[in-house]
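There are 2 protein chains.
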Amino acid sequence: MKLSDASALVEGALKEVKLPGGDLAGLYEPVTYGLSSGGKRLRPGLLLMTAEAFGAESAVEKAMPAALGLEMFHNFTLLHDDVMDNSAMRRNRPSVQAKWDVNTAILSGDTMLTLATHNMMQVPDALLRPVLDVFNDMAIKVYEGQRLDMDFETRQDVTTDKYIEMIGAKTGALLGAASKIGAMLGGASEKDAAQMEKFGYLLGLAFQIQDDWLDVYGDSNTFGKPIGGDINNGKKSFLLLTALESGTPEASALKVAMEMPAGDTKVKTVTRIYEKLNLSETVRKQVNHYSSEALSALKKTSLSDAAKEPFKALIDKLTGRKK
Amino acid sequence: MKLSDASALVEGALKEVKLPGGDLAGLYEPVTYGLSSGGKRLRPGLLLMTAEAFGAESAVEKAMPAALGLEMFHNFTLLHDDVMDNSAMRRNRPSVQAKWDVNTAILSGDTMLTLATHNMMQVPDALLRPVLDVFNDMAIKVYEGQRLDMDFETRQDVTTDKYIEMIGAKTGALLGAASKIGAMLGGASEKDAAQMEKFGYLLGLAFQIQDDWLDVYGDSNTFGKPIGGDINNGKKSFLLLTALESGTPEASALKVAMEMPAGDTKVKTVTRIYEKLNLSETVRKQVNHYSSEALSALKKTSLSDAAKEPFKALIDKLTGRKK
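Those sequence lines, one after another, are chains A and B.
So for the first sequence, my numbering puts the first residue at 30; every next one is plus one.
So for the second sequence, my numbering puts the first residue at 30; every next one is plus one.
Just so you know, the hints here were simulated from the structure itself, not pulled from any lab data.
Predicted model only: the values in this text are computed from it and were never measured.
Fair warning: there could be bad hints in the mix.
Unchecked claim - Derived CB-CB ranges, DEER-like:
id : chain 1 : residue 1 : chain 2 : residue 2 : range
1  : B       : D162      : A       : E219      : 23 to 33 angstroms
2  : A       : G50       : B       : V46       : 32 to 42 angstroms
3  : B       : K69       : A       : K337      : 53 to 63 angstroms
4  : B       : G67       : A       : G349      : 32 to 42 angstroms
5  : A       : G50       : B       : S331      : 38 to 48 angstroms
6  : A       : G50       : B       : K329      : 32 to 42 angstroms
7  : A       : V46       : B       : G50       : 56 to 66 angstroms
8  : A       : Q185      : B       : V46       : 25 to 35 angstroms
9  : B       : D166      : A       : T251      : 54 to 64 angstroms
10 : A       : T251      : B       : E274      : 35 to 45 angstroms
11 : A       : Q185      : B       : E288      : 26 to 36 angstroms
To be verified - Negatives, chain A to chain B, calculated, CB over 10 angstroms:
id : residue
12 : R120
13 : P123
14 : V131
15 : V296
16 : T300
17 : E322
18 : D345
Using N, Cα and C, we set each Cβ at its ideal position, and we do this for glycine too.
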């Protein structure tokens, strides 16, 4: 199953999610709003794809509640991240904290986390504990990654290695859990499930580095956020850290440029330095590196060549090799 | 087992909780800080008491992880509530959001919720799903109660009935879940577990109404918060709503007094009106009403008279009948 097909199934199932209204609309409307924001549905989609790859078509329907649980978890983190980053926009719409308020984003976010756990529990008894363990471990990783990300803003000792550790926790762990839980629900062996977790984790690294690149070079409509946001926010992105580690005169120029007030001039100045350093090429190499590692984890599974195809296509899609 | 004995066990077990430090201290130190704030340890204490009542002494140790899970859940809500209420103090110490910042309280709070779920999972396989279902349902109730509480601030149609519904969700559900999960872990019958849930829920109502009274008439040192906080914050407490529903001239005077700027004069004026209406007596009656209902739920269980004693003592303690 291709991601687009899996995503369409997720989209349909999300529309069936019914939550209380009335006196409690103030709690649940932001939940529904958050869940209706579209997006690629990458995490639940990947879970369904993996369930199907190991368990054939009948596994997909059974895996749907867990897939929705993962999407709810992801959206819970978005509600809280937008508060922490004070982001007014999310996927070309006002964020929950902007449309309602900070307290609503906190409380409806909490609600989404518990709803996510409730959904993750809709698995066979024999898998309940192992699936929830993967889910909770992943959640802890995501919080740890977010904490590191926040701390990096004021730390001066951040290296690209630490950055990889951070995105591994913040982004990789969730894609790893999606692949692993899908595999478990599809009846994969422990070894295959572990390889699929690696696949998801490495895919997450490649995807996040590509995302950092899109923050500078993407199309703001497709990207869903204003271009140059990382530069204006002084975010220690893969591009910035790589440039600072380059030991070139441009690294010093970059330090000065990053002190400029936020705005188009700052974005243009920093982008020009990135271009002098040929950073797009460095990013491309790094994305290819993690993509290849993801591919080799995939190859180590017992999946047939045909069953591997959609995952290969997913790598290409997420890393911009193919649209 | 008395609450004080159960609480001492919880206190000891909390000291054994080890969390990561180093790069991640920014995430976990606020968790440890939140958990070290003391307090009565009512919720985990009640869980252990109930486990012992139905399952004898050997059930206590086995129920400890779930008890810690409940205390972590409770403290997670305190971290987030303090952000939502912008409270600088909690149990005579700076709140997490005041000592660190809002983002830390949000993210470390999220972490506590997942750690809570992880701890709640440390129960026998046969009880995993039922215990987690009680836990998640309770969590949802608590969020719903908090949402109602927040909405009540600006609503003009709040009655004492709606208020009871709100505190039932925000406070009663958690005490109900504590009693029920304790009973389940102690091997109680379904009927007994359901009665104990009622007991906890009704005890929670009595306790919360008493707490509203203490907010006006308590000792700020024992209470842990400044006296008159509800009056100054215009909170629709049981006292305020009862007074407004009284249909007396004092109700009109109260509306005017509540428009006064926050401060000692406002607190004194409102308190004088409460005294004219003899509200302490009304509160006492209401607390006694729910205490009696809690007692009758307790009586319907199969517990021996001796086993019921600590729960009777708990009612007296929490509702101020005995210290």
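The hints, checked one at a time:
1. B:D162 x A:E219: 23 to 33 angstroms: 28 angstroms, holds
2. A:G50 x B:V46: 32 to 42 angstroms: 39 angstroms, holds
3. B:K69 x A:K337: 53 to 63 angstroms: This hint holds: roughly 57 angstroms between Cβ atoms.
4. B:G67 x A:G349: 32 to 42 angstroms: Given a distance of about 54 angstroms, which is not inside 32 to 42 angstroms, the answer is violated.
5. A:G50 x B:S331: 38 to 48 angstroms: Once the Cβ atoms are compared, 40 angstroms apart, the range 38 to 48 angstroms for S331 (chain B) and G50 (chain A) holds.
6. A:G50 x B:K329: 32 to 42 angstroms: Once the Cβ atoms are compared, 35 angstroms apart, the range 32 to 42 angstroms for K329 (chain B) and G50 (chain A) holds.
7. A:V46 x B:G50: 56 to 66 angstroms: Taking Cβ atoms as reference, V46 (chain A) and G50 (chain B) lie about 39 angstroms apart, which means the hint is violated.
8. A:Q185 x B:V46: 25 to 35 angstroms: For V46 (chain B) against Q185 (chain A), whose Cβ atoms are near 32 angstroms apart, the range 25 to 35 angstroms holds.
9. B:D166 x A:T251: 54 to 64 angstroms: 41 angstroms, violated
10. A:T251 x B:E274: 35 to 45 angstroms: 57 angstroms, violated
11. A:Q185 x B:E288: 26 to 36 angstroms: Distance hint for Q185 (chain A), E288 (chain B) is violated at roughly 51 angstroms.
12. R120: 21 angstroms, holds
13. P123: Fine: 19 angstroms to the nearest Cβ keeps P123 (chain A) off the interface.
14. V131: Given a closest Cβ separation of 8 angstroms, the condition is violated.
15. V296: Its Cβ never comes within 10 angstroms of chain B, the nearest being 25 angstroms, so this holds.
16. T300: 29 angstroms, holds
17. E322: 24 angstroms, holds
18. D345: 34 angstroms, holds
When the structure is compared with the earlier hints, violations turn up for hints 4, 7, 9, 10, 11 and 14 and for no others.
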